[in-house]
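The primary structure of each chain is shown beneath.
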Amino acid sequence: MNDFEVNMVQIGSIKPYETNPRDNKKSVDKVVDSIKQYGWRVPIVVDENSVILAGHTRYKAAQILGLESVPVHMADNLTDEQKTAFRIMDNKAQDFSEWDKDLLTVELKKLADLDFDMAMTGFSFDEIEKLTQDLLDFEEPQEIITDQEFEKLDDIQSSNVRMVNLFLNQESEPYFQEMIMALRERWSKENLTDAVFEAVQRCYNDENL
Amino acid sequence: MKTYNLKPFYSDDEIKAREGEFLDESDYDMVISEDCDAYDENGDPLFFFRKNKIPTELCKKAYKVLRHAATPTNNRGAAGGIINDETMQAFNIGDVGKLGVRAIRSDGTLSNTRRANTVNSGIVGYFDRTARFPYCRQTAWYEKNFQMFADAYPYISYINKLFKEACPDRYEKQKAVAEKTNKDFIIGDTSFTTITVNKNFRTALHVDANDYEEGLGNLAVLEAGKYEGGYTVMPKYRVAFDVRSGDVCFFNVHQYHANTEIKAKLAYERISVVCYYRKNMHKCLDAEGELQRAKNRTAGQKLN
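Taken in order, these protein sequences are the chains called F and V. For the first sequence, the working numbering assigns the number 1 to the initial residue and increments by one for each residue that follows. For the second sequence, the working numbering assigns the number 1 to the initial residue and increments by one for each residue that follows.
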């Protein structure tokens, strides 16, 4: 393995790769936050001509942050083919990683319990909310109140109201209306309720249908 | 227990002009989180807050049931807030208002239904006659989940009990009209016909409609996970209340009110439960009578 040397260099001295195939617009803000919160932890990788091989997002984040110098590792022993392949591989390799959602949930909960700013994990609240749904449980008040009389209460009476809803769409509703009008006429039923009941009753009683 | 006699900071018109807006900490000076009674400038009840009074076991059971009652809907009007881009994109819009839009139907005509922003809300219990359903009826959720609702009933019944204790005058009036209403349309032995259930719904500035004016509205909350905020603010009086699991606040829902932002780090559920008597329910016939109305429905028939 080669020596891994990292030096602080002037940001103006490194150049983005002109035909970088990775669109990183959406992740720049996250990396800005990360550098602000955690500092530089991963250097930008450049070739011997100071053209970026890996770290375009970090480069853009550094520009937004107005940094004059950035940590850089120069990979000066790659062929042109290797450089091109490495640019792709460095990004593509992430596609093969997956989150272990159970372990991730544990880590997120750990941070929440410490009142940490969850946005600094890079996850949106909607994503965190979905991931931690299984943790949901009724939050008991500090002081538990009891009333045994009501805890045994089970006397709600069933209403006499009975309804059945039919859910139809724009295609089925006019067809349903057409059929029901025909059946109402055939069976001399004055309304939809009686016609539907008659239809169901006839089907139920006639196994040949 | 404290009693407050609150004076308004703004006129009704000033507050009404803000309908549909979301409120924040700049809209209140005081957060209520302990037992207290409050009256307005005319000596009428403004709110009665009762802290941690509902038995925990009842809350727990009710939470498991009622959390399923709130589903995405577009029918909460001003409470859903000023129309946002998501709503604008969801429909083929033909008419845009501040608080609602009307879509263009497939035949090119304008829909009669005004749609608001999507929120998680549901209705449990009974509903009076409307233009769309010109007969008194069960709500769809209640009809499908009546057996499950039985587990939440003791919680609702306990709110009714606390209502009676906290504001007996208003309770007696509401109970009296409930007694005159056909039992087929009253929830158990309570003074309520209907329950609105919201989930993680930060309401914008609104007033409740269609509840019995002589009674009093109420707000109870069931919570899972941890969150902060979600205060209910009455901006006219610059007061807010922090209703949590086990608490209930009886208040004048005809005064404009809204919630502050709800902040959480992980998944949470804030289920707000509003039990009330719908003011036209006393006009309902019994179940058989309403069935006949539904069967014999004719165009242009008067609702009540």
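Keep in mind the hints are simulated off the structure, nothing from the lab. Heads up, some of the hints might be wrong.
Below, in silico cross-link-like pairs of lysine-lysine (DSSO-like), each with a Cα-Cα straight-line distance of 30 Å or less [what the hints assert, rightly or not]: (1) F:Lys130 x V:Lys180; (2) V:Lys302 x V:Lys144; (3) F:Lys130 x V:Lys302; (4) F:Lys110 x V:Lys295; (5) V:Lys144 x V:Lys279; (6) F:Lys189 x V:Lys60; (7) F:Lys152 x F:Lys83; (8) V:Lys295 x V:Lys61; (9) F:Lys130 x V:Lys199; (10) V:Lys180 x F:Lys109; (11) F:Lys26 x F:Lys92; (12) F:Lys101 x F:Lys83; (13) V:Lys51 x V:Lys161; (14) F:Lys30 x V:Lys183; (15) F:Lys25 x F:Lys130; (16) F:Lys152 x V:Lys16; (17) V:Lys180 x V:Lys295; (18) F:Lys152 x V:Lys295; (19) V:Lys16 x V:Lys98; (20) F:Lys189 x V:Lys279; (21) F:Lys152 x V:Lys302; (22) F:Lys152 x V:Lys98; (23) F:Lys109 x V:Lys263; (24) V:Lys279 x V:Lys263; (25) F:Lys152 x V:Lys263; (26) V:Lys279 x V:Lys98; (27) F:Lys101 x V:Lys60; (28) V:Lys302 x F:Lys189.
Outcome of the hint check:
Taking the CA atoms of Lys130 of chain F and Lys180 of chain V, the gap is about 47 Å. The hint is violated against a cut of 30 Å. For the given pair, Lys302 of chain V sits about 29 Å from Lys144 of chain V by alpha-carbon distance, which is consistent with the 30 Å threshold. With a C-alpha separation of about 47 Å, the suggested pair Lys130 of chain F and Lys302 of chain V falls outside the 30 Å cut-off, and the hint is violated. Distance check on the hinted pair: Lys110 of chain F and Lys295 of chain V sit about 59 Å apart at the alpha-carbon level, beyond 30 Å; violated.
A hinted pair counts as satisfied when its Cα atoms are at most 30 Å apart, and Lys144 of chain V with Lys279 of chain V qualifies at roughly 24 Å. This hinted pair does not check out: Lys189 of chain F and Lys60 of chain V have alpha carbons roughly 48 Å apart, beyond 30 Å. The straight-line distance between the Cα atoms of Lys152 of chain F and Lys83 of chain F is roughly 74 Å, outside the 30 Å bound, and the hint therefore fails. At most 30 Å may separate the alpha-carbon atoms for a hinted pair to count; Lys295 of chain V and Lys61 of chain V exceed this at roughly 38 Å.
At most 30 Å may separate the alpha-carbon atoms for a hinted pair to count; Lys130 of chain F and Lys199 of chain V meet this at roughly 15 Å. Of the supplied pair hints, the one linking Lys180 of chain V and Lys109 of chain F is violated, its CA atoms being roughly 52 Å apart against a limit of 30 Å. Taking the CA atoms of Lys26 of chain F and Lys92 of chain F, the gap is about 17 Å. The hint holds against a cut of 30 Å. This hinted pair does not check out: Lys101 of chain F and Lys83 of chain F have alpha carbons roughly 34 Å apart, beyond 30 Å.
Between the alpha carbons of Lys51 of chain V and Lys161 of chain V the distance comes to roughly 14 Å, so the proposed pair stays at or under 30 Å and holds. Of the supplied pair hints, the one linking Lys30 of chain F and Lys183 of chain V is violated, its CA atoms being roughly 59 Å apart against a limit of 30 Å. With a CA separation close to 25 Å, the supplied pair Lys25 of chain F and Lys130 of chain F stays within the 30 Å bound. Distance restraint check for Lys152 of chain F and Lys16 of chain V: the Cα-Cα separation of roughly 45 Å exceeds the 30 Å cut-off, and the hinted pair is therefore not satisfied.
For the suggested pair Lys180 of chain V and Lys295 of chain V, the alpha carbons sit about 25 Å apart, so the restraint of at most 30 Å is met. Proposed proximity of Lys152 of chain F and Lys295 of chain V is contradicted: the alpha carbons are some 40 Å apart, above 30 Å. Distance check on the hinted pair: Lys16 of chain V and Lys98 of chain V sit about 13 Å apart at the alpha-carbon level, within 30 Å; holds. Distance check on the hinted pair: Lys189 of chain F and Lys279 of chain V sit about 34 Å apart at the alpha-carbon level, beyond 30 Å; violated.
Restraint check: the Cα-Cα separation between Lys152 of chain F and Lys302 of chain V comes to about 44 Å, which exceeds 30 Å; the hinted pair is violated. Our distance criterion of 30 Å between C-alpha atoms is broken by Lys152 of chain F and Lys98 of chain V, whose separation comes to about 48 Å. A distance of roughly 15 Å separates the Cα atoms of Lys109 of chain F and Lys263 of chain V; the hinted pair therefore holds under the 30 Å criterion. Taking the CA atoms of Lys279 of chain V and Lys263 of chain V, the gap is near 35 Å; set against the 30 Å cutoff, the hint is violated.
Note on Lys152 of chain F and Lys263 of chain V: the hinted pairing is violated, with a Cα-Cα distance of about 35 Å set against a maximum of 30 Å. Of the pairs offered as hints, the one joining Lys279 of chain V and Lys98 of chain V holds, with about 27 Å between alpha carbons and a cut-off of 30 Å not exceeded. Annotation: proposed proximity of Lys101 of chain F to Lys60 of chain V holds, straight-line Cα distance about 27 Å (limit 30 Å). Between the alpha carbons of Lys302 of chain V and Lys189 of chain F the distance comes to roughly 23 Å, so the proposed pair stays at or under 30 Å and holds.
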